[in-house]
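Chemist: Here's the letter readout for the chains.
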Amino acid sequence: MGEQLYDIIIVGGGPAGLSAAYSAWQNGAKEILVLERDREAGGILQQCIHNGFGLHHFKEELTGPGYAQRCYDLVKDKPEIKILVDTMVLNIGQDKTVTAVSPEHGLMKVKGKTIILTMGCRERTRGAIRIPGYRPAGVFTAGAAQRMVNMEGYLPGKKIVILGSGDIGLIMARRMTLEGCKVQAVLEICPFSNGLTRNMVQCLYDYDIPLYLSHTITAIHGKDRVSGITAAKVDDHMKPIPGTEFDIDCDTLLLSVGLIPENELSRGLGIAMHPLTNGPIVDQHRETSIPGIFAAGNVVHVHDLVDFVSEEAEIAGKYAALKAQEQLPEDVADIAVEAIDEVRTCVPQHVRATAEGETIRLFMRVRKPMKKVRLTVKSGDDTLLTKVLPVAKPSEMIAVNVPAAKAKGHHADWTVSVKEEA
Amino acid sequence: MTKQADVVVIGGGITGTAILHELSKYNLRAVLVEQEPELAAGTTKGNSAILHAGFDAPTGSMKALMNVEGNAMYHELKDELDLEIRWSGSYVAALDDEQVDVLKELLARGQANGVPGLKIVSGDEMREEEPNVSKDIKAALFAPTAGICWPFGLALAFAENAVINGAEVIRDCKVTDIIVEDGAVKAVETDQGTIETKYVINAAGVHADDISRLAGDDSFTIKPRRGEYILFDKTAQKDLVYSPIFPTPTKMGKGILVCATTHGNVFVGPNAQDLPEDDKDDTAVTIPGMDEILDKARRLVPNIPVGATITEFSGVRAVSNTGDFIVGPSEKTTGLLHAAGIQSPGLTSAPAIAKKLVNLIVSETGASAKSDYKKGRPAQPCFRMMLDADQKALIAKDPRYGRVICRCETITEGEIVDAIHRPVGARTVDGVKRRTRAGMGRCQGGFCGPRVTQILARELNIPVTEVRKEMRNSYMFYNKESGGKA
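Listed in order, the protein sequences are those of chains A and B. No gaps in the numbering here: position 334 of the first sequence is 334 in the numbering used here, and each next residue is one more. Quick note: to get the numbering used here, add 422 to the position in the second sequence (first position is 1).
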């Protein structure tokens, strides 16, 4: 394969990549290439065989593979869209040359007028959170265990402890229970759960699986294979409290302790990154600091729902297509969007305002769980949007639209605030 | 199994494999037995990976002799066996005048030990080479002959060359007894059967005293002393160091250092914790231990990037009651030779220890050198280091080199298959990791672990449920109650 020029090269064929490809096609892009490293498109959804996906985006409840199939069906027979699987991107050059490799096509170099980064995220590991004890077999990230159980047909163990109440951990608590395993406990270092409320209910409470909040693991036992763990209560600084230790018998420890956007290629390119999202800084079109390189989905910030991933990818796909066709409107001002008060992160981090204005959709996460909060978006002293939300939790993204009519002309920097109502 | 050998080496760490390599140059039937499924599974995998210059040990000690000779030998062996070594030099840093005096003692001792090129440099001179070290460092002893290495790779290189030259490595093979008749070694009993032999070389690391006792020699004991480490991502190196940076040593040892690896990571450690003698394999890591090493490492390099931590691990040093290496024939049992108490600088000393012990056997038996001894070992393809044209050619020959299994380190299926089918090939997931780096990156095998497991099962023709992580009973996966789909 020679160095062919595409309108758009999409790195990653998960829900973000497929949704971006479809949106780019809808918006007139003619040569679209999707590069996927796994044996099939669909990304992590392929192993998420539980239901609960698609309620917002497809208006019906789907399984992970079901959602992936919907995304795939939209792009599969389009002559303008080529999907290469079993293909790993090794490098992206500043000139938008993508070097990739596959067993079928060997080493290839392709060039894009634009590129969309949709590499997703990876799981935080044991080492990153410093769990003391031995290093036996039987310690898995929840996602690795999920792949083994759901796609390959093996169990990671029979008697399970799960550290972290992230959604994958909660889903795996139920999955392992349904496979006939005994889930001894879910331990969470925070005083609140880090998963969706529905997953707490449907995956733990419905199966009487004990959840220990403000607890962590102080030792892993077993030299060859895990034989148990020691848990302890933690203080306000998340340090184990001496004297509160207790042992739990298990042969397996699953870790669900956070996700990290997979940005090695982005960093290699020198794209400006945000220290809290761990993803590229993007504007409302999801264009990064390098013109013509867009990013969407979990590579930008970790989402709670795949529906929002698709939505964000459609934005990136649309504007990458317009950019490739040189139809992206000129911007007249670059406005910073700053997360303040209890808002931890807000995407996009800046808005390139155009003369005619457009609706700006903001995705944000808060620092702590709260009831009855006021969300306010301001441009300088002008309030663009304010509303009261009954609850706000770190585990659930908040999405709001600033309508075009409101956004237009407000070129002073924006602030996005969430505060508890007095 | 009952088999005959001329020499049985017990223990497949750096010492045992270096001995096997040396034995394989002679017309001797040499067999190495290792209790774990992989070589280098003990102290060799958990140490500072430094090839020391040789100024630490007291002049005239076995440690000093073997260290200086071993260091020189590695300078030759690096090319011959394609060893992963970087001759980085090393620094011992002094923070006050008292410590500067210690540097002067070290310099004099090093010169007496025959270490070439030692010099004391000022703190500023050191900071020109290592800009991230503490402003408080007043002076440092620089040793140009020191280096850093990949210890597992060194042990494997020795073993691979030995096997190519007819030596045998038996893994998953635990020694249960040593048969001694009329004060002389007759056979080694293992859980895989009996090996009849006149010579046994005891390179059993922390268990060397147990092995010695099996052969009727209780002349020494080994105390296990654990050291913990923290390893950082490659992205951290630019803010840290390129050479090993030691504190000024104390009576307790060489202290906690900050050091790069040959693969571009950085680590800090080790501390020193004496373990109970009935728990010699306690490679746990502890919170106080990790806090201690970070605290001490910051005195040398203030900005340790805790957020870039990839993993923590520990190793156990084999400390003999004599304080020195025990290298030579047993005084109690004929045919038993010891390479015991091999703590630091054991990695550096291994080839010298091997030569010393094998020379003894050769002179006693009159064994002749092999006329067809083959140097080197099969080249190990490394996809990520190749030029585009070479990558293309390799994939054209074997498309499996076009399938990336480990994303963090860009390791292809072709390299993993090669690692499994090489001499003394990988049998476990960690065995693949240490031969190829698959699983050694920032995701620590989260993505590639299940895939490597399946490649191992396929290539070794065993069920997935029999694939192990590393140690004897470290099975990874179970069948589903329903039998699973596989």
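Keep in mind that the hints were calculated from the coordinates and are not lab data. All values derive from a computational prediction rather than experimental measurement. Note that beta-carbon positions come from the ideal geometry of N, C-alpha and C, so glycine has one too. Mixed in with the good hints, there may be bad ones.
To be verified - Using 30 Å as the maximum straight-line C-alpha spacing, the simulated DSSO-like pairs for lysine-lysine come out as follows:
1) B/LYS814 with A/LYS76
2) A/LYS223 with B/LYS560
3) B/LYS902 with A/LYS158
4) B/LYS702 with A/LYS159
5) A/LYS182 with B/LYS620
6) A/LYS96 with B/LYS645
7) B/LYS819 with A/LYS223
8) A/LYS111 with B/LYS814
9) B/LYS660 with A/LYS96
10) B/LYS814 with A/LYS223
11) B/LYS656 with A/LYS111
12) B/LYS814 with A/LYS96
13) B/LYS656 with A/LYS239
14) B/LYS656 with A/LYS223
15) B/LYS814 with A/LYS109
16) B/LYS814 with A/LYS113
17) B/LYS718 with A/LYS239
18) B/LYS819 with A/LYS96
19) A/LYS233 with B/LYS718
20) B/LYS557 with A/LYS109
21) B/LYS673 with A/LYS158
22) B/LYS814 with A/LYS82
23) A/LYS223 with B/LYS557
24) B/LYS718 with A/LYS223
25) A/LYS223 with B/LYS645
26) B/LYS557 with B/LYS425
27) B/LYS596 with A/LYS111
28) A/LYS113 with A/LYS78
29) A/LYS158 with B/LYS596
30) B/LYS902 with A/LYS109
31) A/LYS159 with B/LYS902
32) A/LYS82 with B/LYS819
Claimed, not checked - Covered stretches of chain A, going by a simulated chain B footprint (3 or more residues, C-beta under 8 Å):
33) 83 to 93
34) 132 to 142
35) 150 to 158
36) 222 to 230
Chemist: For each hint given before, does the structure comply? Return the numbers of the non-compliant ones in rising order.
Modeler: Hints 2, 5, 6, 7, 10, 20, 21, 23, 26, 27 and 30 contradicted; others consistent.
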